[in-house]
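Engineer: Listed below are the residues making up each chain.
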Amino acid sequence: MLEVQNLSMRFGGLLAVDQVSLDVREHEIVAIIGPNGAGKTTVFNCMSGFYKPTGGKILFKGGEIQGKPDYKISRLGLVRTFQHVRLFSRMTVVENLLVAQHRHLNTNLLSGILNTPNYREKEQKSLDRAAYWLDRVGLTDMANREAGNLAYGQQRRLEIARCMVTEPELLMLDEPAAGLNPAETKDLNQLIISLKEDYNVSVVLIEHDMSLVMDISDRINVINQGRPLASGTPDEIRRNDDVIKAYLGEA
Amino acid sequence: MAAHNLKHALFCAIVTLIISYPILGFNLASEGTTVTLEGAKTSTVVGVLLAAVIVFLFQLFRDTLMGSLRQLPAVNPLTNRKPMEQSKRLKLDSVLLTLMIIGALIWPFIASRGAVDLSTLVLIYIMLALGLNVVVGLAGLLDLGYVAFYAVGAYTFALLSQYYGVSFWFALPIGALLAALFGLVLGFPVLRLRGDYLAIVTLGFGEIIRILLNNMTNLTGGPNGIGGIPDPTLFGMEFGRRVKEEGNTSFHETFGIAYSGEHKVIFLYLIALVLAVITAIAIRRLMRMPVGRAWEALREDEIAAKSLGLNRTAVKLSAFTIGAFFAGFAGTVFASKQGFISPESFVFLESAIILAIVVLGGMGSQMGVILAAIAVTILPELAREFSEYRMLIFGAAMVLMMVWRPQGLLPMRRIHIELKKQE
Numbered sequence: 001m002l003e004v005q006n007l008s009m010r011f012g013g014l015l016a017v018d019q020v021s022l023d024v025r026e027h028e029i030v031a032i033i034g035p036n037g038a039g040k041t042t043v044f045n046c047m048s049g050f051y052k053p054t055g056g057k058i059l060f061k062g063g064e065i066q067g068k069p070d071y072k073i074s075r076l077g078l079v080r081t082f083q084h085v086r087l088f089s090r091m092t093v094v095e096n097l098l099v100a101q102h103r104h105l106n107t108n109l110l111s112g113i114l115n116t117p118n119y120r121e122k123e124q125k126s127l128d129r130a131a132y133w134l135d136r137v138g139l140t141d142m143a144n145r146e147a148g149n150l151a152y153g154q155q156r157r158l159e160i161a162r163c164m165v166t167e168p169e170l171l172m173l174d175e176p177a178a179g180l181n182p183a184e185t186k187d188l189n190q191l192i193i194s195l196k197e198d199y200n201v202s203v204v205l206i207e208h209d210m211s212l213v214m215d216i217s218d219r220i221n222v223i224n225q226g227r228p229l230a231s232g233t234p235d236e237i238r239r240n241d242d243v244i245k246a247y248l249g250e251a
Numbered sequence: 001m002a003a004h005n006l007k008h009a010l011f012c013a014i015v016t017l018i019i020s021y022p023i024l025g026f027n028l029a030s031e032g033t034t035v036t037l038e039g040a041k042t043s044t045v046v047g048v049l050l051a052a053v054i055v056f057l058f059q060l061f062r063d064t065l066m067g068s069l070r071q072l073p074a075v076n077p078l079t080n081r082k083p084m085e086q087s088k089r090l091k092l093d094s095v096l097l098t099l100m101i102i103g104a105l106i107w108p109f110i111a112s113r114g115a116v117d118l119s120t121l122v123l124i125y126i127m128l129a130l131g132l133n134v135v136v137g138l139a140g141l142l143d144l145g146y147v148a149f150y151a152v153g154a155y156t157f158a159l160l161s162q163y164y165g166v167s168f169w170f171a172l173p174i175g176a177l178l179a180a181l182f183g184l185v186l187g188f189p190v191l192r193l194r195g196d197y198l199a200i201v202t203l204g205f206g207e208i209i210r211i212l213l214n215n216m217t218n219l220t221g222g223p224n225g226i227g228g229i230p231d232p233t234l235f236g237m238e239f240g241r242r243v244k245e246e247g248n249t250s251f252h253e254t255f256g257i258a259y260s261g262e263h264k265v266i267f268l269y270l271i272a273l274v275l276a277v278i279t280a281i282a283i284r285r286l287m288r289m290p291v292g293r294a295w296e297a298l299r300e301d302e303i304a305a306k307s308l309g310l311n312r313t314a315v316k317l318s319a320f321t322i323g324a325f326f327a328g329f330a331g332t333v334f335a336s337k338q339g340f341i342s343p344e345s346f347v348f349l350e351s352a353i354i355l356a357i358v359v360l361g362g363m364g365s366q367m368g369v370i371l372a373a374i375a376v377t378i379l380p381e382l383a384r385e386f387s388e389y390r391m392l393i394f395g396a397a398m399v400l401m402m403v404w405r406p407q408g409l410l411p412m413r414r415i416h417i418e419l420k421k422q423e
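Chain order of the listed sequences is A and B.
For the first sequence, my numbering begins at 1 and goes up steadily by one.
For the second sequence, my numbering begins at 1 and goes up steadily by one.
These aren't lab readings, by the way, just hints derived from the structure by calculation.
Where hints are given, some of them may not hold.
[What the hints assert, rightly or not] Computed list of lysine-lysine pairs in DSS-like fashion (alpha-carbon distance at most 30 angstroms, straight line):
| # | chain 1 | residue 1 | chain 2 | residue 2 |
| --- | --- | --- | --- | --- |
| 1 | B | K88 | A | K125 |
| 2 | A | K122 | B | K88 |
| 3 | A | K52 | A | K196 |
| 4 | A | K61 | A | K196 |
| 5 | A | K57 | A | K72 |
| 6 | A | K125 | B | K91 |
| 7 | A | K245 | A | K186 |
| 8 | A | K61 | A | K72 |
| 9 | A | K57 | A | K122 |
| 10 | A | K68 | A | K122 |
| 11 | A | K68 | A | K52 |
| 12 | B | K264 | A | K122 |
[What the hints assert, rightly or not] So the derived list for chain B, only partly shown, Cβ under 7 angstroms to chain A, looks like this:
| # | residue |
| --- | --- |
| 13 | M289 |
| 14 | E300 |
| 15 | D301 |
| 16 | E302 |
| 17 | K306 |
| 18 | S307 |
| 19 | L310 |
| 20 | Q407 |
| 21 | P411 |
| 22 | R414 |
| 23 | H416 |
| 24 | I417 |
[To be verified] Among chain B residues calculated to face chain A with C-beta under 10 angstroms, some are:
| # | residue |
| --- | --- |
| 25 | G114 |
| 26 | G292 |
| 27 | I303 |
| 28 | L308 |
| 29 | A314 |
| 30 | I322 |
| 31 | L419 |
Glycine included, every Cβ here is placed at the ideal spot set by N, Cα and C.
Make the full structure from the sequences, and use the hints.
Structural biologist: And the structure:
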């Protein structure tokens, strides 16, 4: 459903991403790994429309999306999280989830002020969806707390819930396990698998935690210094000499 | 540390002397055609020296002093009380609101004419501050040129009435819509700006409007302003002693009561009250709607908001437009109340005062903003006895306020949303 073809991104004299290709099929978890500064997040930023790539194509459900405005890409069903949690920290947990459903709501000012049945129905639906996902990630008790006051692990889960209420088809997670303890990482593991199994969402993730990556990924792409290094199943990657070299240095 | 404090304190005291002595320590005395310089009275010189000593002592013990200042709120028994229960608080809120509105309705019939006039001004500032609260408090866009939209509203009414004889009630929506249009137009160039840069551009915009009004002499009368702006009418009844426009009747004759200048003042007050209440309710409603949440989301994290499919352009423009709309409302009422407007009324200081109201009240908090609007408008009037020191007192009050309650009088409280339990 997502196809990245020969993606390049140049910042002045620096070629941050060079001819990277990857594809994500439906019902699949794909990981992007690589050493720090390899250009993984840059690939993400191009895919989600934060950067306009200097070369290559990105196809989502058959349509070209490279260079489209970020909010339009997100409305197509391609939603991402961030390396550093980006919540609306002075809004409550529920409000965070309601904002995310903006495009599913009746945003007509008049119908809102007059409180029309259609407006109320949509508000209620979005509240129900928010309640469902809060329950799913175990944050129901926190519903009316300010998001900024949650513990770090909870903030991570809220960020994923916030993406899921938008009903995406492809979820992009940028280092979802960063800063989590082993128990929390395990929970996250389960959550990501269940997103795929129960909600039929494809996932692309960037991650440094190898146990997580090897456990849940169907396929892995390795990027090094902006160039694609290898791709394949976890087992193939584990045995790939180039990958070992890139990670451990030349022996 | 102590040595550093001493040096700093000494420096501050000397600066105080350098600044104040030449200004206060000498007088210009004119004898016939010659002007001579002579030393001031001993008491003034002593005063200046005393001030320097006070500055010195304050700077020397500043850390301890400021520390104990910050302790003060802890003495206040209200700071440490437990938050009230949700249902109880809501009930209290609605009771208070009802009482406030009833009080505001009775007020003009018991207060003096001057007090009612001042209250009308307070209500105008409440409208302005509530509107700016949308832009600054909710959407987080620092707007220093807000007074421009106020001016657009006021001048729309003044010009329409002067050239086309349009009445207040027709001009009210036109003024508000035109101000909203200006808000939209200003919104486009500043979409990409944030924080300081945005503040500077909006400041510039405010000045452009004022200078245009000042210089388009043949249309706006320039610095001479526009006078003779008609008062609002009540279903075709005028409040003047004699009917100005044909077809209208006069209020006192229709009801068979003696003419009194107070009727007009009270009527204007009531119009301002109704409009202020409408403004408050409309914005309160907007805050709970998707667009209100989108404003706040954009303030909190623009990148995250975009990644969730919010159109930054639309959200920002809506904040500017709606904020400007209510300024236009206020402007029309202002023009009608004064009967005369000139660019003098729309200087930068006005923008600064409205912004101060929003910050003092607590960004995003409607109740806080209303209280602050009352305080900021009435305080200088109360301090009128101190004549030249009133701005000083006003400034000191603001500084103390920011030290004690940087979050504002009544900080914004989040709306509690009840969720249905999942089975």
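Engineer: Look at each hint and say if it fits the structure.
Structural biologist: For each hint, the structure was consulted:
Under the criterion of a C-alpha separation no larger than 30 angstroms, the hint pairing B/K88 with A/K125 is consistent with the structure, at around 28 angstroms. Between A/K122 and B/K88 the alpha-carbon distance is near 29 angstroms, which keeps this suggested pair within the 30 angstroms criterion. As the CA atoms of A/K52 and A/K196 are separated by approximately 29 angstroms, the hinted pair is consistent with the 30 angstroms bound. Straight-line distance between C-alpha atoms of A/K61 and A/K196 comes to about 17 angstroms, which keeps the hinted pair within the 30 angstroms bound.
This hinted pair checks out: A/K57 and A/K72 have alpha carbons roughly 17 angstroms apart, not beyond 30 angstroms. Using a Cα cut-off of 30 angstroms, the hinted pair A/K125 and B/K91 holds, with the two alpha carbons roughly 27 angstroms apart. This hinted pair checks out: A/K245 and A/K186 have alpha carbons roughly 28 angstroms apart, not beyond 30 angstroms. For the hint linking A/K61 to A/K72, the alpha-carbon distance of about 14 angstroms falls within 30 angstroms, and the restraint holds.
Restraint check: the Cα-Cα separation between A/K57 and A/K122 comes to about 36 angstroms, which exceeds 30 angstroms; the hinted pair is violated. Pair hint A/K68 plus A/K122 holds up; C-alpha atoms about 28 angstroms apart against a cutoff of 30 angstroms. Taking the CA atoms of A/K68 and A/K52, the gap is near 8 angstroms; set against the 30 angstroms cutoff, the hint holds. Using a Cα cut-off of 30 angstroms, the hinted pair B/K264 and A/K122 is violated, with the two alpha carbons roughly 46 angstroms apart.
Given the 7 angstroms rule on beta carbons, the hint for B/M289 holds: about 4 angstroms separates it from the nearest Cβ of chain A. A cut of 7 angstroms between beta carbons decides the hint on B/E300: the least distance to chain A is about 4 angstroms, and the hint holds. Checking B/D301 against chain A: minimum C-beta separation of about 5 angstroms stays under 7 angstroms; hint holds. Hint status for B/E302: violated, given a least beta-carbon distance of 10 angstroms to chain A, over 7 angstroms.
A distance limit of 7 angstroms between C-beta atoms decides the matter here; for B/K306 the minimum to chain A is near 5 angstroms, and the interface restraint holds. Here the hint on B/S307 is kept, as its CB sits about 6 angstroms from the closest CB of chain A, short of 7 angstroms. At a threshold of 7 angstroms, the smallest CB-CB gap from B/L310 to chain A is about 6 angstroms, leaving the interface hint in force. The beta carbon of B/Q407 comes no nearer than 11 angstroms to any beta carbon in chain A, farther than 7 angstroms, and the hint placing it at the interface is violated.
For B/P411, the suggested interface contact is broken, since its CB lies about 10 angstroms from the closest CB of chain A, more than 7 angstroms. Hint on B/R414 holds. Least Cβ distance to chain A is approximately 5 angstroms, under the 7 angstroms limit. About 5 angstroms separates the beta-carbon of B/H416 from the nearest beta-carbon of chain A, less than 7 angstroms, and the hint is met. Here the hint on B/I417 is kept, as its CB sits about 5 angstroms from the closest CB of chain A, short of 7 angstroms.
Hint status for B/G114: violated, given a least beta-carbon distance of 37 angstroms to chain A, over 10 angstroms. Annotation: B/G292 was flagged as interfacial toward chain A, and the flag holds, the nearest CB pair being 9 angstroms apart, inside 10 angstroms. A distance limit of 10 angstroms between C-beta atoms decides the matter here; for B/I303 the minimum to chain A is near 6 angstroms, and the interface restraint holds. About 5 angstroms separates the beta-carbon of B/L308 from the nearest beta-carbon of chain A, less than 10 angstroms, and the hint is met.
Proximity of B/A314 to chain A holds as hinted, the smallest CB-CB distance being about 9 angstroms (cut-off 10 angstroms). For the restraint placing B/I322 at the interface with chain A, the shortest Cβ-Cβ distance is roughly 8 angstroms, inside the 10 angstroms limit, so the hint holds. Against a cut-off of 10 angstroms between C-beta atoms, the interface hint on B/L419 holds, since the closest Cβ of chain A lies about 4 angstroms away.
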